[in-house]
Amino acid sequence: MGFIKDERPQTICVEGTWSLSSYHYKGSKLLEQYVKGLKQKKLIGSFCPGCAKVILPPRNLCGRCHRIMDGRKTVSDRGTITCYTVSPAITKGKLKVLGMDPVETGLIKDGEILIPVFVRFDGSDSNTDTILLNAEPKAVHIGMRVKVIWAKEPQGALSDFEGVEPI
Amino acid sequence: MKRNAAIIGCGQTKHSSKRRDVNVAEMVSEAVYNALEDAQVSMREVDAFIVGNMPGFGGIAQPEQWLGDWIGAAGKPVIRIATGGTTGGSVGQGAYYPVASGLHDVVVAVAWEKHSDSKEAGATSGLLHVGLGNLFHAASYGLNLKNLMAMSMVGAAAGVAVYQAVFYMHRSGCTIEHFDMVAAKARRNAARNKYAHLQWPGCTPEDIAETELLAYPFRYGHICPASDGASAIVVAEENLARKKARRPAWYKGLASYSDEENQLQSENFGGVGVLDPSEQRGCWVSAMKAYAMAGIKDPQKEIDMAELYQPFPSQELIFAERLGLFDEGTAWMALEKGETDINGRMPLDPSGGVNATNAIGSSAMQRILECALQIMGKAEEHQVPKKVSNAVAHGWGGVTNYSTVTVLGDSPGR
Ligand SMILES: [Zn+2]
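Going line by line, the protein sequences match chains A and B.
Heads up: the first sequence begins at 1 in my numbering, then just goes up one per residue.
Heads up: the second sequence begins at 1001 in my numbering, then just goes up one per residue.
Just so you know, not all the hints are guaranteed correct.
Here are the computed lysine-lysine pairs in the DSSO-like style, where the Cα-Cα straight-line distance is at most 27 angstroms [unchecked claim]:
no., chain 1, residue 1, chain 2, residue 2
1, A, 39, B, 1018
2, B, 1146, A, 94
3, B, 1018, A, 152
4, A, 29, A, 41
5, B, 1146, A, 96
6, A, 5, B, 1002
7, A, 94, B, 1378
8, B, 1146, A, 138
9, A, 94, A, 5
10, B, 1002, A, 109
11, B, 1119, A, 96
12, A, 147, B, 1146
13, A, 36, B, 1146
Pulled a few chain A residues facing chain B out of the computed Cβ check, cut under 8 angstroms [stated by the list, open to error]:
no., residue
14, 57
15, 108
16, 109
17, 114
18, 116
19, 134
Note that these hints are calculated values from the structure, not bench results.
Where is the CB? At the ideal position from N, CA and C, for every residue including glycine.
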């Protein structure tokens, strides 16, 4: 039933690309403050005056009480894994991000297993999404104590926070 | 004074990964005409259309402007609703309001997705802009690329559902083998549903366990497909409903609550205050409100079956508990005992659910439609053997923070 064009049994394909051309976006200044903290090997979260939650990395608004999180609080660089996943061995051609093969570019070793984790840093009320390094995939578990791996010479960049490792 | 409203007809298309025989307008028209025929309602009797799919999916930004002619919408209101993964649930609830309010007597709700029309089947326009803006913003602060790779690896498999599943396993004691059982059940049930996509008669948990591990704890066999398809319902006020349908499926209660965005790396790459992504507060608040409206006090006793939004098998267990159908942390035990099978005490997703058929914008609508079919006794091969007086339909999506809960019944209730 319905209106179906019987005279054409199949859709036809037209090749083409969509150009984003340009796009306007208003990022907040929070990351600027955050990376300044990273340069001093400090994790600075935002504090909610409504519910006293500390969220890391910081954000503008508290999701549940809708207050501006204009307070700042430094939390520990030690914390607890609240959740994790384990990737299969990543080989060449397995993963493409932004058109880039991370094995080809040397970012990931051929056959490396990635362990993305959520960490609740002591003194925070949020999960921070990062990666667990220097650990056996079999050893990772919820409740595992970890600490931040800081870049040797922090540049004031998000990558100063390289990941976490077991304590 | 609100009026009673009921679903009096249902129409679907066959779902598959590529519906090359139709374009969007033809596919949507197929579902609408099937629903009108099922309801024995003529196009002239329809007062309004509520429509919806994912914005930008399949490469079309405003399909409703194209397909109006194809569903006979000229001279009638057409309202498009888009709430991400919950779209179909919002469309199915959206048809209730104008009928219950007295504004319209007959409303058609139709939801669809046609991923396969575009190579960028996902979010050609809608999601990409903010995502990219966000990424470039973070990149200007020296993004940790290895972390980005890890995020992408998880995202490719299942995004936040992976973490939801691990949290649920940790607090309930459920294991990966239970996800194999849910996925196998979905494929077996789908084999009895002629409209479903991933049909696998006799599929066993062992079959699923043999598939490749994508990201712990999800295997390839756990993941829903991307489907082309449409579903439609005809909603009518009480007098017409009683005249047209032998056994209408009445809207008894409905609610929709959102929670704070709980997808990691939201705007500004900020942290998320929801510590347990399987908490799903929006779902249980919606359920409590919908049950109160429906006059349901004990869902474990009064609900006869449920259709849940479960693209990933863990979600069938998580949401069944959030809907109050099982005690906290026990849904997997009920699964083991066969209580959630088609012929079980509390059948979950007898249609195969989203795990077997995922035309995203339509998926939450199909939950409502499938509950209506069970109440009307029209589910054919996947009709549950027990009498269905009350059924609950659930939708989940948005940035993982939207929920819809709709309770249908064989009487208008209060
Ligand atoms: Zn707050």
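request  = Decide if the proposed pair is consistent with the structure: residue 1002 of chain B and residue 109 of chain A, CA atoms, cutoff 27 angstroms inclusive.
outcome  = It is violated: about 63 angstroms lies between the C-alpha atoms, which goes past 27 angstroms.
ask   = When you check the alpha-carbon spacing of residue 1146 of chain B and residue 138 of chain A, does it fall within 27 angstroms?
value = holds (20 angstroms)
inquiry  = Given the hinted pair residue 36 of chain A and residue 1146 of chain B, is their Cα-Cα distance within 27 angstroms?
reply    = Judged against 27 angstroms, a Cα distance of about 21 angstroms means the pair holds.
key: Interface hint for residue 114 of chain A, Cβ within 8 angstroms of any Cβ on chain B   = holds (5 angstroms)
inquiry  = Check the hint pairing residue 1146 of chain B with residue 96 of chain A against an upper bound of 27 angstroms on the C-alpha distance.
reply    = holds (12 angstroms)
request  = For the pair supplied as a hint, residue 1119 of chain B and residue 96 of chain A, confirm whether the alpha-carbon distance does not exceed 27 angstroms.
outcome  = holds (16 angstroms)
message = Given the hinted pair residue 29 of chain A and residue 41 of chain A, is their Cα-Cα distance within 27 angstroms?
response = holds (19 angstroms)
Satisfaction of hint between residue 152 of chain A and residue 1018 of chain B, Cα-Cα up to 27 angstroms = violated (51 angstroms)
inquiry  = residue 57 of chain A was flagged as interface toward chain B. Is the shortest Cβ-Cβ separation under 8 angstroms?
reply    = Because about 5 angstroms separates residue 57 of chain A from the closest Cβ in chain B, which is inside the 8 angstroms limit, the hint holds.
request  = Would you check the hint for residue 147 of chain A and residue 1146 of chain B, treating anything up to 27 angstroms between C-alpha atoms as holding?
outcome  = holds (17 angstroms)
task = Could you grab the alpha-carbon distance between residue 1146 of chain B and residue 94 of chain A and see if it respects the 27 angstroms cut-off?
result = holds (15 angstroms)
Restraint status (C-alpha distance of residue 94 of chain A to residue 5 of chain A at most 27 angstroms) = violated (41 angstroms)
Going through the hint list in order, the structure does not satisfy hints 1, 3, 6, 7, 9, 10, 16, 19.
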